[in-house]
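Listed below, chain by chain, are the residues.
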Amino acid sequence: MAKVPVQFTLNGREKAEFVEGGTTLLHALRDKIGDTSPKGGCHQGTCGACSVIIDGELKLSCLTLAETCNGATITTTSGLAEAGVLHPLQRAFLDAFATQCGFCTPGMIMAAKVLLDHTPNPSRDDVVEALSGNICRCTGYEPIIQAVLTAARANSQNAA
Amino acid sequence: MELRKSYFADQRKDGLHEIGQGRPRLDSPGHVMGKTAYFADRNFPGMLHLKMVRSPHHHARIRSIDTSEAEKHPGVVKILTAKDVPHNVYTILILIQIGPEDETVLADGKVRWKGEAVVAVLAETERAAQEAAAKVKVNYEVLPAVFDMEEALKPGAPLVNEYHGQNYYLYDSGECRKVRFGDVEAGFAEADHILEQSYQSSPIEHAPTETTGCVVVPEGNDRFTCYTNTQAMFFTLDNASIILQMPGSKLHFVGGTVGGGFGGKVDVIVEPIAILGAKLTGRPVCFIYSREEEMQISSPRAAEKVVIKDGVMKDGRIVARKVTGYTDAGAYSRHSPYGAQKGAAHYPGPYTIPNVWIDTYCVYTNRTPSSAMRGFGVTIGDFALEVQMDKLARLIGMDPLEFRFINAYRDGDMKAHHQPTEGAALIECMQEASRAANWPVAEKYMAMSSYKKGA
Amino acid sequence: MALALQTFPTVRDANAALKASGTRYLGGGTLVVRATNEGDVSVTSLVRSTDPSLSAIEIAGGKARIGASVTMAAIARHPQLGAIAKAARAVGGPAIRNMATVGGNLFAPAPYGDFAVTLLALDATVSTDDGELPIGDFLAKRDDNHAIVNSVSFALPKAESFRFLKVSRVKPKGVSVLSIAAALEQAGDGAISSARIALGCMADRPMRARAAEKALIGKRLDRDGIAAALASAGEGTSPITDPIASAWYRAEVLPVHLGRLLLT
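Protein chains in written order, with numbering that gives the first Met the number 0: chain A, 0 to 159; chain B, 0 to 454; chain C, 0 to 263.
Any given hint could be a false lead.
[To be verified] To give a feel for the contact side, a few chain A residues facing chain C, derived at Cβ under 7 Å:
hint, residue
1, Ala1
2, Gly20
3, Gln43
4, Gly44
5, Leu57
6, Lys58
7, Leu59
8, Leu62
9, Thr63
10, Leu64
11, Glu66
12, Glu128
13, Pro142
[Unchecked claim] Simulated crosslink set (DSS-like; lysine-lysine; CA at most 27 Å straight-line):
hint, chain 1, residue 1, chain 2, residue 2
14, B, Lys414, B, Lys177
15, B, Lys414, A, Lys2
16, A, Lys31, B, Lys77
17, B, Lys12, B, Lys82
18, B, Lys278, A, Lys31
These are calculated hints, taken from the structure and not from any lab test. Here the structure is a predicted model, which means the values were calculated and not measured. Just so you know, even glycine gets a beta-carbon here, dropped at the ideal spot from N, CA and C.
One chain only, chain A, in its complex shape (with noise of 0.2 Å):
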């Protein structure tokens, strides 16, 4: 069967794969590289738990194909932390109790790692509207929000 050759930064580092032809982002990612960070929950860009950023803009790897990637530089959750020091957003999510089955998590911050990174200083409504297309099933919306809104003062305190 025909493979394509894909190459990006994924988290800093340099990936190269081959993939069968018409391999999503997310299959390549957690099937190929091994980074399973992004869940299918739907692979119908409904539930938001394969969010990752590519080239800065929040994107649903479950609805990108591998080989459109070429030269992107890809973040995703696993690759927040450094040196095992978590990302102010892994620790507020931690303090405010956000996760319950965890699924949804990693889709959770980096809808809110991109707007942190453009807003830093989101309100309520900006939250709400970030992380709108992500489903939480649990239903624990109030501490996720919470928590997006502790990590921003926690950033905009380090910035002062």
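Assemble the complex: chain A is given as a structure, and chains B and C must be docked to it using the hints.
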């Protein structure tokens, strides 16, 4: 407000080390770093993908199945039909002696609901399995179907499930679960008012973010490791052992974090057929529901119909309650005979009523089999009962909360299913709710207690 | 057979490759990759084009030309497209808006395609290598369309003359119960001089509410003035039934929401 201190000081110990303390969740660090391993986060070389060919009909006889074209499709490794399954007819509650076996792993001669599994295709890639599944030809003779519980119970209705022989589950107590307490007809005769109402609900899907699935790996010693997101590990292992006619010692089940279940992952659906696929091919096999399968194929909460007839006095006492409950099992039992039975014990509600009559039916229809979901068998009943309580209070012109104080069960009261009440805290809970919601009730209700004097 | 993706630098080459059977155009992926993920094996090959004209937004002389690959997010943040930004933001969540394209929205079956509803109310022109078509004609024939959409163009509305409403059960991101876009011109005395009203979910694709448009001409936007338009809003509609709402429900609530849109 801490109920345990105000109301139950003599029953509870303080000085607990964990309860009441804020503690970090043990699984949270893995979640926030994306490192928690869910079953599908495991990938094995040479893993096959299983796709199911499903019935497009609600009720049909299978005239023939032709897999010849599908077998020739590039990438196809194995195709399974009913004859490949060692013990194809099963029922999960057989483990607690609730039979008969009434469901097929792969349809044999007949399908009884739209979406029923007929043929399993195992292929090198998901795409190849999907393509081959589209080439399986099944010839059906469509049969009349029944979707409404009351229609299903009428004489002459299409017979849904031959293993039962009638469209309801036959309990040892007969066509329904029965609770008899006091003399309900005498209660109605004595009542100032009688109110009969019926309530019904639709099936509800759990919709977990992680779909149902498993990954099975042959370990080379005739033993199989099954990574699964089941909520019922040993239940699944034991049923797989029966279906596969394989001792449990050959099956190694590995569970772990489940990406949302809500009761939707207690059925035994994906594991046995995936293990069989791994056994017959010698290759790792994954069988993971698509989102569409999760929504359409996995069991929902049962649709229910509840008919409640109450006799009530002007002073607020309910003197008679007659409930007929119907649970729509769909085409197969799964957990529904148990759900309907739970309803029978639950239906009087948390109220002490001297005369009670309850019948609950578990009914078979050509709908998607229903099963467990958060408080199944009682949740819809609670909705019906509490709406009924509000209607009764309105009927006699009484405050709905005071009406509930009058009828609340208290320690020592005999419940309708002949179990004495103990540990009731309904009175205290309602007193606190009255304060918290700023919904005042008369002082005599605030002075009540779940403990009876002298008890 | 694995899916094959072919990438072409020009629309013309991509159009040629699109003629092969089983081939679909890949825009943002929100329609076609979704279909293949769900097991649509009729799609065997995907084609896309990196032609820069597809990603361009040109605004000149009161007219806008938007390339078919422009995303909803790009429209929502464009400083000169403020009048229609609300409609672009109504599509999906943030990630979907970074992927979903203007071209793709023209093909999105109801309940999707809220931005195409806007384009219909703006009386846009759809351009392909086969020529230009008014959007109404394009939507009517979209199932038989075999040419890549290059761009859509329309006269930029003034902010006060364009109104958009998406009704959903979940907020801020939810699938449409229905959507309404209205381009209204008012004379000096407030009377409506021209009206184009487009509806989403009231048929399998966006449609014009022509009877309501006609009933608005010469009327003021007050309760009495819009009464005839509301009464005729449902004319010619055949709403979809899906898990979000039944056809009956959509038909019942259409006049209510149209009234709210016209009176705000």
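Evaluated hints:
1. Ala1: For Ala1(A), the interface hint holds, since the closest Cβ of chain C sits about 6 Å away, which is under 7 Å.
2. Gly20: Cβ of Gly20(A) sits 4 Å from chain C, so the hint holds.
3. Gln43: 5 Å, holds
4. Gly44: With a minimum Cβ separation of about 5 Å from chain C (threshold 7 Å), the hint on Gly44(A) holds.
5. Leu57: 5 Å, holds
6. Lys58: 6 Å, holds
7. Leu59: 5 Å, holds
8. Leu62: 4 Å, holds
9. Thr63: 6 Å, holds
10. Leu64: 6 Å, holds
11. Glu66: 6 Å, holds
12. Glu128: Holds, about 5 Å.
13. Pro142: 19 Å, violated
14. Lys414(B) <-> Lys177(B): Measuring from Cα to Cα gives roughly 14 Å; hence the hint holds.
15. Lys414(B) <-> Lys2(A): 68 Å, violated
16. Lys31(A) <-> Lys77(B): With a Cα-Cα distance of about 24 Å, the restraint between Lys31(A) and Lys77(B) holds, given a limit of 27 Å.
17. Lys12(B) <-> Lys82(B): Violated, at roughly 59 Å.
18. Lys278(B) <-> Lys31(A): 25 Å, holds
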